[in-house]
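Here is how the chains run, residue by residue.
There are 4 protein chains.
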Amino acid sequence: MTRVLNVECPDKLGLVHVITGILLSEGLNIVENQEFVDRGSQRFFMRTEVEGYVNEPRVVDRVRTAIGEGAIVNFAPLEPKRVVILVSKEHHCLGDLLIRNQFAELNSTVVAVVSNHESLRAFVESFKVPFHFVPAEGLSREGHEEALLKVLGSHEVDFLVLAKYMRILSPGFVKKFERRIVNIPHSFLPAFIGAKPYQQAYERGVKVIGATAHFVTDALDQGPIIVQQVIPVHHSHSAQDLAAAGRDVEQIVLARALKLVFEDRVFLSGNRTIIFD
Amino acid sequence: MTRVLNVECPDKLGLVHVITGILLSEGLNIVENQEFVDRGSQRFFMRTEVEGYVNEPRVVDRVRTAIGEGAIVNFAPLEPKRVVILVSKEHHCLGDLLIRNQFAELNSTVVAVVSNHESLRAFVESFKVPFHFVPAEGLSREGHEEALLKVLGSHEVDFLVLAKYMRILSPGFVKKFERRIVNIPHSFLPAFIGAKPYQQAYERGVKVIGATAHFVTDALDQGPIIVQQVIPVHHSHSAQDLAAAGRDVEQIVLARALKLVFEDRVFLSGNRTIIFD
Amino acid sequence: MTRVLNVECPDKLGLVHVITGILLSEGLNIVENQEFVDRGSQRFFMRTEVEGYVNEPRVVDRVRTAIGEGAIVNFAPLEPKRVVILVSKEHHCLGDLLIRNQFAELNSTVVAVVSNHESLRAFVESFKVPFHFVPAEGLSREGHEEALLKVLGSHEVDFLVLAKYMRILSPGFVKKFERRIVNIPHSFLPAFIGAKPYQQAYERGVKVIGATAHFVTDALDQGPIIVQQVIPVHHSHSAQDLAAAGRDVEQIVLARALKLVFEDRVFLSGNRTIIFD
Amino acid sequence: MTRVLNVECPDKLGLVHVITGILLSEGLNIVENQEFVDRGSQRFFMRTEVEGYVNEPRVVDRVRTAIGEGAIVNFAPLEPKRVVILVSKEHHCLGDLLIRNQFAELNSTVVAVVSNHESLRAFVESFKVPFHFVPAEGLSREGHEEALLKVLGSHEVDFLVLAKYMRILSPGFVKKFERRIVNIPHSFLPAFIGAKPYQQAYERGVKVIGATAHFVTDALDQGPIIVQQVIPVHHSHSAQDLAAAGRDVEQIVLARALKLVFEDRVFLSGNRTIIFD
Numbered sequence: 001m002t003r004v005l006n007v008e009c010p011d012k013l014g015l016v017h018v019i020t021g022i023l024l025s026e027g028l029n030i031v032e033n034q035e036f037v038d039r040g041s042q043r044f045f046m047r048t049e050v051e052g053y054v055n056e057p058r059v060v061d062r063v064r065t066a067i068g069e070g071a072i073v074n075f076a077p078l079e080p081k082r083v084v085i086l087v088s089k090e091h092h093c094l095g096d097l098l099i100r101n102q103f104a105e106l107n108s109t110v111v112a113v114v115s116n117h118e119s120l121r122a123f124v125e126s127f128k129v130p131f132h133f134v135p136a137e138g139l140s141r142e143g144h145e146e147a148l149l150k151v152l153g154s155h156e157v158d159f160l161v162l163a164k165y166m167r168i169l170s171p172g173f174v175k176k177f178e179r180r181i182v183n184i185p186h187s188f189l190p191a192f193i194g195a196k197p198y199q200q201a202y203e204r205g206v207k208v209i210g211a212t213a214h215f216v217t218d219a220l221d222q223g224p225i226i227v228q229q230v231i232p233v234h235h236s237h238s239a240q241d242l243a244a245a246g247r248d249v250e251q252i253v254l255a256r257a258l259k260l261v262f263e264d265r266v267f268l269s270g271n272r273t274i275i276f277d
Numbered sequence: 001m002t003r004v005l006n007v008e009c010p011d012k013l014g015l016v017h018v019i020t021g022i023l024l025s026e027g028l029n030i031v032e033n034q035e036f037v038d039r040g041s042q043r044f045f046m047r048t049e050v051e052g053y054v055n056e057p058r059v060v061d062r063v064r065t066a067i068g069e070g071a072i073v074n075f076a077p078l079e080p081k082r083v084v085i086l087v088s089k090e091h092h093c094l095g096d097l098l099i100r101n102q103f104a105e106l107n108s109t110v111v112a113v114v115s116n117h118e119s120l121r122a123f124v125e126s127f128k129v130p131f132h133f134v135p136a137e138g139l140s141r142e143g144h145e146e147a148l149l150k151v152l153g154s155h156e157v158d159f160l161v162l163a164k165y166m167r168i169l170s171p172g173f174v175k176k177f178e179r180r181i182v183n184i185p186h187s188f189l190p191a192f193i194g195a196k197p198y199q200q201a202y203e204r205g206v207k208v209i210g211a212t213a214h215f216v217t218d219a220l221d222q223g224p225i226i227v228q229q230v231i232p233v234h235h236s237h238s239a240q241d242l243a244a245a246g247r248d249v250e251q252i253v254l255a256r257a258l259k260l261v262f263e264d265r266v267f268l269s270g271n272r273t274i275i276f277d
Numbered sequence: 001m002t003r004v005l006n007v008e009c010p011d012k013l014g015l016v017h018v019i020t021g022i023l024l025s026e027g028l029n030i031v032e033n034q035e036f037v038d039r040g041s042q043r044f045f046m047r048t049e050v051e052g053y054v055n056e057p058r059v060v061d062r063v064r065t066a067i068g069e070g071a072i073v074n075f076a077p078l079e080p081k082r083v084v085i086l087v088s089k090e091h092h093c094l095g096d097l098l099i100r101n102q103f104a105e106l107n108s109t110v111v112a113v114v115s116n117h118e119s120l121r122a123f124v125e126s127f128k129v130p131f132h133f134v135p136a137e138g139l140s141r142e143g144h145e146e147a148l149l150k151v152l153g154s155h156e157v158d159f160l161v162l163a164k165y166m167r168i169l170s171p172g173f174v175k176k177f178e179r180r181i182v183n184i185p186h187s188f189l190p191a192f193i194g195a196k197p198y199q200q201a202y203e204r205g206v207k208v209i210g211a212t213a214h215f216v217t218d219a220l221d222q223g224p225i226i227v228q229q230v231i232p233v234h235h236s237h238s239a240q241d242l243a244a245a246g247r248d249v250e251q252i253v254l255a256r257a258l259k260l261v262f263e264d265r266v267f268l269s270g271n272r273t274i275i276f277d
Numbered sequence: 001m002t003r004v005l006n007v008e009c010p011d012k013l014g015l016v017h018v019i020t021g022i023l024l025s026e027g028l029n030i031v032e033n034q035e036f037v038d039r040g041s042q043r044f045f046m047r048t049e050v051e052g053y054v055n056e057p058r059v060v061d062r063v064r065t066a067i068g069e070g071a072i073v074n075f076a077p078l079e080p081k082r083v084v085i086l087v088s089k090e091h092h093c094l095g096d097l098l099i100r101n102q103f104a105e106l107n108s109t110v111v112a113v114v115s116n117h118e119s120l121r122a123f124v125e126s127f128k129v130p131f132h133f134v135p136a137e138g139l140s141r142e143g144h145e146e147a148l149l150k151v152l153g154s155h156e157v158d159f160l161v162l163a164k165y166m167r168i169l170s171p172g173f174v175k176k177f178e179r180r181i182v183n184i185p186h187s188f189l190p191a192f193i194g195a196k197p198y199q200q201a202y203e204r205g206v207k208v209i210g211a212t213a214h215f216v217t218d219a220l221d222q223g224p225i226i227v228q229q230v231i232p233v234h235h236s237h238s239a240q241d242l243a244a245a246g247r248d249v250e251q252i253v254l255a256r257a258l259k260l261v262f263e264d265r266v267f268l269s270g271n272r273t274i275i276f277d
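Protein chains in written order, with our numbering: chain C, 1 to 277; chain E, 1 to 277; chain B, 1 to 277; chain D, 1 to 277.
Hints are all accurate, no fakes.
For chains that are exact copies, the list does not tell them apart, and a pair is met inside one copy or across any two.
Derived lysine-lysine pairs resembling BS3-like cross-links, with alpha carbons at most 25 Å apart:
1) 150 <-> 89
2) 259 <-> 128
3) 150 <-> 176
4) 259 <-> 175
5) 89 <-> 259
Because the hints were derived from the structure by calculation, they are not lab data. Since this is a predicted model, take the numbers as computed values, not measurements.
Take the sequences, apply the hints, and build the full model.
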């Protein structure tokens, strides 16, 4: 079995040498190694897959000490990520994730699905996954998020996945799950932001439909992009056809993004992702 | 040899029957036929490829009379389209088109290249294509366009191709070449409009780079889309790499769009294209 | 609501005129119409979407009589196609289809799933779809297919979908479901035929992984192709990674192919498909 | 300015540490670094981009000595690669490369074009690139290759590019340019090997057309793959249309492959390529 060491810090001379020296002295063989220095932010990123017995706390401590201030050092956990999926009424991304969850394809466990509607309860429960209805109607945003946090508090959660969750989360809420919320917005960013994106796309006569999975930050739908993809469409496709094409590409893009995130292959450098695939 | 009849008119009952009846009575066999009714505009579009001897004026006249008011009826000309390419300093789209022109791949003849810079003169002339330098510096937009029109007036021109022409054409100028200007804007519409699109894309951390070929209308870079395509990029690509990727996809997209346009496969329905490929 | 008329026959002069004349006299408006004459086989194909009240038997009869011998004329049924999915042990295509079935996305109803293994029973039954275990072990091919036919006989079946069914069907069996079996073979045709395609692909160092959905004919994995697609891979992907990529693209390709087939958009011309998308 | 160090050797413990230690002691900062251990061949590959003054012979010598037997160590040359393009009668890949050559886009210089036909002479010479006609007719393969080698001997050549060269090179010839011949075969490997691939593809009714750029080895068209890509086609495309689509994708794929090769981003591990893009 291999383990994955992830390191992130301000760039300086000799980092690879120092880190690999520690790994060598620990008797670990490097199977695959990728580093990247983001020239804009002058930050160093490294993902190293090693073979051999890993004394995790000792290695992490040695690397941290060697690098000094600002080092983020950790081994990717052996356990699957614990995930809560938030949805509204659309099932396509959710369904694909529940199947992949059932067959353990994404290095994660869906511990619960939360929705502001009741309509997908039976569907979710048929997969033996807990479903929580957290209504938003008649509540202030604060009120609703409070209820949401209470439900989330009843589970141990590593990541939130917004699988067509049609509500905007407040900055305060987002802060609580910094770098741990993945979204596939109901618009194919960065092209058509806002409501009715498929009607906009139809009227514009687009020839491709795309989807973007990204981390959620305060800036609505402007967080770091993880995966983007498009599929071709043509003039005889109605706005409904475009929406169906959009659902298909969203399903693919979200699954791909979560695979990368949950395998600890995605780093953040400011508003950009560094992905060691 | 086959001929292509194109018909466009307000939709009504029996159009296909009437038109094919005329073709039948003219002894013409339909090889391929595509119709489309655009539900938004309630317009009818038909492209019919026929075999047999075509009495062109008589067929067109009979179809026009049968359909009545508002009919646009014509046979695709047998002659290649006469094209002027407008460029600024970038050569990638231009070079690809000059090669395709030399080997007669696009059902067109490049009768001249016009630029607001001198830098591509030798390159263009090595293809034995006339090059006209029409400087813009120090001139008002009107003054420059006047000079442009004078040069264009010295050629018989069916289409203008803006192959990275970095100047905005006035509505008056565009009107003179309505539906006859194809552009591949220096931004990958509809995502990043404006200056320095690749720097914007880099900072946004996009995972695909796209290009859009479209007809030019008064609305800057918002005219009917002909072809759109993307190519994948990743975090280690600099803004310069993204620009290189962009040039490659622009070159492909523009050649593809011009092939469709010059083979009379593209109809316009409001701001949308109907493409019978 | 619109209805779809499909016509197929040997090509001759005036077919479109005759057929549209009948539709016109029946008071039907043509919304979308596509014809294609396959030059190799000299066969004519036409898909016409009409609005208005359709007297189905009368229209079909009139068109058939008008065309004469060899005409295949029918309206696409209003009812969803009745489908049996055959699987072995892999769940990825099956799972996607069961979700799409549950939300009625493919103009079809999965009436049963049949497998030569028991392992997917609980999964299938959680979708409230009947599961039949038809073991093959210890049986001759004839014996197994007899058992299969018995199970299929207990359902009304329009189409069989081989969603990673790892057994070869006999020509006799295939004949019983001519043009009604869709397969996504366990190899990315037409590249690597046979066993262990992903190991072959890995050793060959391929840069794309593809999938092909096709109709089943006597020629193993050589039937008419409906949809083909590829996804990029690279050197750091193991044979297992390639297999995972293959599963993802198979899932997409099969769903896309079934949508086209079940919406009566796919015609067969010899070993080629004509697809009016 | 940065320099690129490439290292290849049998895998063993501590390689990255040793190499980066030498770079550190030479005062070189690592800008980007990629390693990969090919599990099948147990070979180690590393591409390191460094900043700072490089004493090239000393660094290479230190790294070689440190690694020991079997080490292949070198800095990517600063000079563009010297390239001879071999063609037969098709111009599409050639034309694209000559344009990119003229604008110095591929880190290479085309020192000559060689053909077994005269037909492209004027085209090549219009780019001010020497053209050599080396006829094959009436000669044995040995005789022709002798003539070819004589012409090649008159230039200093780093790489041969077979840009639709329709002759098979002998193992002896290939050996003289081991790992230094790139081909884009006249068939879209690995699907349709042999003559008339587009007719084969048409009859098979394929839905994608692909192209493969690879290094040439003794095994005809089976050498290590560098780039593969496909483009979608459909039933109304004739074999000629498929061929045109094929030319477009070949042009793209070959340019992309040469960019990677000439920027020293491609390593060979047995019959697979390791590409640090």
